[in-house]
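**Q** The primary structure of each chain is shown beneath.
2 protein chains.
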Amino acid sequence: MRTGIAAIIGGGVIGGGWAARFALMGWDVRVLDPDPEAERKIAEVLANARRSLPGLADAALPPEGGIHYSTDAAVAVSGADWIQESVPERLGLKRDVYRTLQEHSGDAIIASSTSGFKPSELQEGAVRPGQILVAHPFNPVYLLPVVELVGTSANPPETLARADAILKDIGMHPLHLEHEIDAHIADRLMEAVWREALWLVNDGVATTEEIDDVMRLGFGLRWAQMGLFETFRIAGGEQGMRHFLHQFGPALKWPWTKLMDVPDLTEDLIETIAGQSDAQSGMHAIRDLERHRDTNLVALMRALKSQDWGAGAVLNTTDAVLRKRNGMVQRFDQITDLTRPILTLDRTVPLDWTDYNGHMNEAKYLQAFCDATDRFMEIVGCDADYIATGGSYFTAETHIRHLDEIHAGHRVRVETICMNGQGRKMHLVHQLWEGDRLCATGEHFLVHVSLDTRRPSDPSATIARQIAAIEEGHRNLPRPEGLGRYVGQPR
Amino acid sequence: MRTGIAAIIGGGVIGGGWAARFALMGWDVRVLDPDPEAERKIAEVLANARRSLPGLADAALPPEGGIHYSTDAAVAVSGADWIQESVPERLGLKRDVYRTLQEHSGDAIIASSTSGFKPSELQEGAVRPGQILVAHPFNPVYLLPVVELVGTSANPPETLARADAILKDIGMHPLHLEHEIDAHIADRLMEAVWREALWLVNDGVATTEEIDDVMRLGFGLRWAQMGLFETFRIAGGEQGMRHFLHQFGPALKWPWTKLMDVPDLTEDLIETIAGQSDAQSGMHAIRDLERHRDTNLVALMRALKSQDWGAGAVLNTTDAVLRKRNGMVQRFDQITDLTRPILTLDRTVPLDWTDYNGHMNEAKYLQAFCDATDRFMEIVGCDADYIATGGSYFTAETHIRHLDEIHAGHRVRVETICMNGQGRKMHLVHQLWEGDRLCATGEHFLVHVSLDTRRPSDPSATIARQIAAIEEGHRNLPRPEGLGRYVGQPR
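Note that the protein sequences, when read in sequence, are chains P and B. When you line the first sequence up against the working numbering, it's residues 1011 to 1501, in that order. When you line the second sequence up against the working numbering, it's residues 1011 to 1501, in that order.
Among the clues, some could well be false.
[To be verified] Over the 12 Å line for every Cβ pair with chain P, so calculated as not near, a few chain B residues:
| id | residue |
| --- | --- |
| 1 | G1014 |
| 2 | D1082 |
| 3 | L1231 |
| 4 | P1351 |
| 5 | D1468 |
[What the hints assert, rightly or not] Restricting the straight-line Cα-Cα distance to at most 30 Å, the calculated cross-link-like pairs of lysine-lysine (DSS-like) are:
| id | chain 1 | residue 1 | chain 2 | residue 2 |
| --- | --- | --- | --- | --- |
| 6 | P | K1051 | P | K1128 |
| 7 | B | K1051 | B | K1128 |
| 8 | P | K1334 | B | K1178 |
| 9 | P | K1178 | B | K1051 |
| 10 | P | K1435 | P | K1334 |
| 11 | P | K1178 | P | K1051 |
[To be verified] Not the full set, but computed from the structure, chain P residues with beta-carbon under 7 Å of chain B:
| id | residue |
| --- | --- |
| 12 | D1068 |
| 13 | I1191 |
| 14 | T1358 |
| 15 | T1408 |
| 16 | Y1496 |
No wet-lab data here; the hints were simulated from the structure. Bear in mind the structure is a predicted one, so any value in this text is a computation, not a measurement. Every residue, glycine too, gets a C-beta built ideally from N, C-alpha and C.
Just chain P, same shape as in the assembly:
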């Protein structure tokens, strides 16, 4: 993984995204843009990138490179290893820009972010056409890994190989197109959807929100992990892609879209597609692909749950209904017997909670206990509304005994005992059960804090009273096993 100097020509959203990715991956960046607002605009993109990209990695990124702004092409490109052009989509303008760049640039790669032009069009009339190619990224450039890399026969293979290596160095996945074509691949697919969507809105059939919902709550979640062909391969079932094409091919002739020029599904084309699909996905049996798809969907949708967004928001709505239906206590006044431990979690272990040991990962034990603590806090009155007023509990200390294994699909529950709820303190013991099997205990010490000062503070009178009542009710419960234990203490 090398770093170097990247010159960013044109500092809009795309140029800014490139600048951010290069800089955060340790490259020195020089921005060339006559717009006096360029620095402000790129700073905004950079702020978004600094917020999101570094934590995406499970390893530290290199020290951030510097960003320098210039209106002088010679200063911007001199000594650059990579020059990324993202000026407006006008061919004449781009060619003028290349002329200037090539006066100052040495043998740097000159890559265009163009979404529409072919590299041969960009190279035409250039002093050194072999230096120019297309590297078409996707917004936000600092997060999405794919980039369409397109050259022509004028580009030496070494140049394309060098471009490929540099893009990988900044964490991208170059998709090397063998043949140039207007708009490359992705924008053609997007345009197809865009046009059909415009018809649907134009004809009053659907609103923009309905179209977005059908994508993000439906097929978009499949495309985000498998794309189009691998998804359809599954639809073909055990008989595979050839079967799918024979079965669903005729639908192409139906008058469904306004877009009616369709290739003939000849036996040759069927063989081509089926063969490519075999090469791409044939290492997975269909049943395995189905399970990968489902595990991915669970992981994706649960990720969106934590953001309460899209499919995740739909699932959260259902969860709230399920909790009510299950008769779980949600508020203090629903507790019927204060002398019993409180049921604070009742769920099935999801597929994305397991690890390489084939069981629930240790960190998810604390996730379960953390969810149980959240529920207990809600019950005593420390719910989202209360937290919005500026009070909450922070966990100070945790002790977990992992007593037995748990697997995905196991239904588990947590029963909670309050050992102490005096003043600012909350001392809880969670027991994690699968059926009559005690799988873990969690002992947790929390402190009520002010979210303004981040210092300990008194809870509301209601919370204090309700916790005290539960502590009082739990006083005569048998002392929970493992209480007050330290790590490694003999049993």
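Given chain P, work out where chain B should sit, using these hints.
**A** Frame of chain P, contents of chain B only:
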């Protein structure tokens, strides 16, 4: 949330998916299918659904309903609240099926899974047309929430409202289309992509894998959370959707796709789209939308990392390069000073590790320590290859002191001391630092196990020797603060 009786007419992948969703949400299911293989096929779909759906919820699902197979329509539909027809896409066949169903069905909703036919076509010639509507789902039906709900003026509003409520009861998101149209909404959009993709393969421009990659590593990740219009709204920037349409509208006229019948972007159409987009997304400022998009992308891609799939696999490759570049010790023989704590984690806290208190969630402290333990295991020789031979370490006990807050974007590191590595034991102390701020300590007791017997077993001689050497080297380090502490122990 009610449960009831669902009759599933036709038991293929779609019918099976419906059967699985209804049964897992507590409904009694009756399957009507003349295919002698129906029970086996549905059992396979059910197995996939039982594996994935229950854990998707953060609450327990109702007790699973029964599934009964029949070849007698009267038995299958008598007393049913919902009848889902998923027979092959032949209009005559479907109409024949409805005739039979209506002889036995009472006022149950009869919903068709058809992807192509309009409800008016299905209703034609029926005894009670108002009973029949379209509920078009997406495979896998048991996971994906969206369903296109389409009726006609023949359906009483009460029927559509009842259908809507029942679909929500089984965790779905009904998208109620106001106007019927061939293929509804989603399949028209999918067909548009499918046709364009066929051209690209047919013309030798791209392979199936390249097309899938450009989707799943690029725009598919945007569509999975925001769909098409909300994504483009962001592209319009602060000037919004009208600006986007004026700016990018002309591209529609370019000869990019084989699919050239395009609606005119009249001022009327621009107003319609921009107005709908305002109603859909206007509550979020563009900067907020960008941050939601980025947080969602981080959460989605990190979810795929844990599966080492798609965009997640690309990120994992980059992580491995970064770790090497950062000079982190990866193998025992790279340790230069055995008397120093070992750096086992060095990363930036990602956006999806924070919670409602505006800081890193308590469970992620254990995630960080768990990741650090994984790294320590690798260093002493318990890596993926070793685990594949059937040995590993299980955590038995954990003690965490949460000493200070950590926020998204903080760069944190874990330094690890081995207290004991004798025999089957591994006793580690992790210290989590942000700069010179000690934010947490973790004390962990692990046991080497056989993954076959799931019982304690001896580690390999190499692992034993390497752990012992680190323990020996760490013997003279100052006793880590917090060691042997129990929860609530006075400082």
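**Q** Quick one: which hint numbers does this structure break? Sort them smallest to largest.
**A** 3, 9
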